[in-house]
Each structure stands twice: as structure tokens, then as C-alpha cells.
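Here is how the chains run, residue by residue.
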Amino acid sequence: DTAVSQTPKYLVTQMGNDKSIKCEQNLGHDTMYWYKQDSKKFLKIMFSYNNKELIINETVPNRFSPKSPDKAHLNLHINSLELGDSAVYFCASSLPGQGLNIQYFGAGTRLSVL
Amino acid sequence: AQKVTQAQTEISVVEKEDVTLDCVYETRDTTYYLFWYKQPPSGELVFLIRRNSFDEQNEISGRYSWNFQKSTSSFNFTITASQVVDSAVYFCALSEGFYNQGGKLIFGQGTELSVKP
Numbered sequence: 001d002t003a004v005s006q007t008p009k010y011l012v013t014q015m016g017n018d019k020s021i022k023c024e025q026n027l028g029h030d031t032m033y034w035y036k037q038d039s040k041k042f043l044k045i046m047f048s049y050n051n052k053e054l055i056i057n058e059t060v061p062n063r064f065s066p067k068s069p070d071k072a073h074l075n076l077h078i079n080s081l082e083l084g085d086s087a088v089y090f091c092a093s094s095l096p097g098q099g100l101n102i103q104y105f106g107a108g109t110r111l112s113v114l
Numbered sequence: 115a116q117k118v119t120q121a122q123t124e125i126s127v128v129e130k131e132d133v134t135l136d137c138v139y140e141t142r143d144t145t146y147y148l149f150w151y152k153q154p155p156s157g158e159l160v161f162l163i164r165r166n167s168f169d170e171q172n173e174i175s176g177r178y179s180w181n182f183q184k185s186t187s188s189f190n191f192t193i194t195a196s197q198v199v200d201s202a203v204y205f206c207a208l209s210e211g212f213y214n215q216g217g218k219l220i221f222g223q224g225t226e227l228s229v230k231p
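Those protein sequences? They're chains R and C, same order as listed.
Under my numbering, the first residue of the first sequence is numbered 1, with each subsequent residue one higher.
Under my numbering, the first residue of the second sequence is numbered 115, with each subsequent residue one higher.
Treat the hints with care, since some could be wrong.
Said to hold, decoys possible - Result set (BS3-like, lysine-lysine): computed pairs, CA atoms no more than 30 Å apart in a straight line: (1) R:K40 x C:K152; (2) R:K9 x C:K130; (3) C:K130 x R:K44.
Unchecked claim - One-sided and incomplete, this derived list gives chain C residues near chain R with beta-carbon spacing under 8 Å: (4) L162; (5) R164; (6) D200; (7) A202; (8) K218; (9) Q223; (10) G224.
As the list claims (entries may be wrong) - Computed beta-carbon distance windows for the label pairs: (11) C:P231 x R:E58: 27 to 33 Å; (12) R:N62 x C:P155: 42 to 48 Å; (13) C:A115 x R:I102: 21 to 27 Å; (14) C:E158 x R:T13: 40 to 46 Å; (15) R:S80 x C:Q183: 45 to 51 Å; (16) R:G84 x C:S175: 34 to 40 Å; (17) R:L95 x C:Y178: 20 to 26 Å; (18) R:S5 x C:T134: 33 to 39 Å; (19) C:T186 x R:L54: 35 to 41 Å; (20) C:T194 x R:L83: 42 to 48 Å.
What the hints contain is simulated information worked out from the structure, not anything from laboratory work.
Remember, predicted model here, so these are calculated numbers, not experimental data.
Glycine included, each C-beta is placed from N, C-alpha and C at the ideal position.
If we strip away everything but chain R, and leave its shape as in the complex, we get:
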């Protein structure tokens, strides 16, 4: 069983559309994250949720809205997609205890905005 799973793996869409990426973890972790990897492979935190509560919102445009229906899920909804949103989006999860715990990543979702 995959520990952190993201769907879809690939997402191709037109500018202006709205899309969602889903993330689920079966590790029993309380904290979940979204990271963005740009075309130069630079990884940056977007959001962090602990027990369904938003902990980090790292200057991400309002068009991005994370939603955590329960501890095991953290979805990312993106409105009015722009060309600059093209990237690989990674979901991750970890146990409580914040920084000291290992973050396990999903396989990533490659978003291409045309």
C-alpha cells in the first residue's frame, strides 16, 4: 500500500480553469504539507496542516485553497489557473512534533497549464 498517495499524477489544463489535486496518507500522521517544485527543481513549502488546522500559509496566492476534511486527507484546489502555476506539486505527511519528524512524500502531481 502506498503511504502517501496523490491523484492525479499528471494534470494538463487550460489557463483560467479550476482544478484539484487530492492527497491521502495511511501512515496515521497528524501533519500534512503541500510543496511546489518549479522547473528548476526548487522545492518550496506552500501549506502545512496539523490535525485539520492550517499552520503554514507561505505567501501563496488566494487562488490556492487547501482543504483538509480529516487528518488523512489534504486536498489542493486551484482557481483560475495561470501559466506560472505549471509545476510539480508534492504532498507530504509527518508525525506530530513538527520539525523533528521525517516527512514522507507522495509521488508528485505534474501540472501543466497551457
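With the hints as your guide, set chain C onto chain R.
Relative to the frame of chain R, chain C by itself:
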């Protein structure tokens, strides 16, 4: 400010060579955690190691070894007798220990390692 620098953008070696990937970090915190992740061509991020700021012991795991030196704020990664399967992008990352940081990982730019047969 927190920052992680991996000065080597790309490294190319021939199989069986040893290679060291450099990582230098900046933080004001006394409690922090350092990580290495591997991103193979398939794209996933694979955890390799975690060290905390209080433990400067070097670590060896098979062909992999890590050298943590607080005096130089470095956490370098050495692969001994490299193999083609080691070809990947390697990321060094920093996480600080305070709750309000949310445990976010601050990544370096990554070092792309190419091991040629």
C-alpha cells in the same frame, strides 16, 4: 534567516568513484534538524537521513555516509563506490524545532548527480 545552500548544481562521475555532495545551512535556532532526500529520474522524493542539531556523530549506511559539522554549518553527503542507480537529484533540507514553524522543510537547490558506467 534560514537558508540551505548546495553549491554544486551538477556533478558527473564514473561508476565506482567516490563523490561528496556539499550542504551548508544557516539558522539562528539552536534546535534544528537536517535531512537529505533523493529524487531519482522517476520523480518521487525519497528520505535518506535525518540528524538533529545535538548529534554531531557521523553516520554510515552502506555506501552512504554523512558528515555533520556544526562549526562550519555543513552536512555533507558522501557516496562511496558510486553506481549508476545513484544518479538522481539530491536535496539537503533544514527544519527548525519550534512549533510555530510548522515543521516546514527548507530545501537547498539540489545537486544533480550523474553516474556514468
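Consistency of the hints with the structure:
no., hint, result
1, R:K40 x C:K152, "16 Å, holds"
2, R:K9 x C:K130, "34 Å, violated"
3, C:K130 x R:K44, "33 Å, violated"
4, L162, "10 Å, violated"
5, R164, "6 Å, holds"
6, D200, "17 Å, violated"
7, A202, "11 Å, violated"
8, K218, "4 Å, holds"
9, Q223, "6 Å, holds"
10, G224, "5 Å, holds"
11, C:P231 x R:E58: 27 to 33 Å, "41 Å, violated"
12, R:N62 x C:P155: 42 to 48 Å, "35 Å, violated"
13, C:A115 x R:I102: 21 to 27 Å, "24 Å, holds"
14, C:E158 x R:T13: 40 to 46 Å, "23 Å, violated"
15, R:S80 x C:Q183: 45 to 51 Å, "47 Å, holds"
16, R:G84 x C:S175: 34 to 40 Å, "39 Å, holds"
17, R:L95 x C:Y178: 20 to 26 Å, "24 Å, holds"
18, R:S5 x C:T134: 33 to 39 Å, "34 Å, holds"
19, C:T186 x R:L54: 35 to 41 Å, "37 Å, holds"
20, C:T194 x R:L83: 42 to 48 Å, "43 Å, holds"
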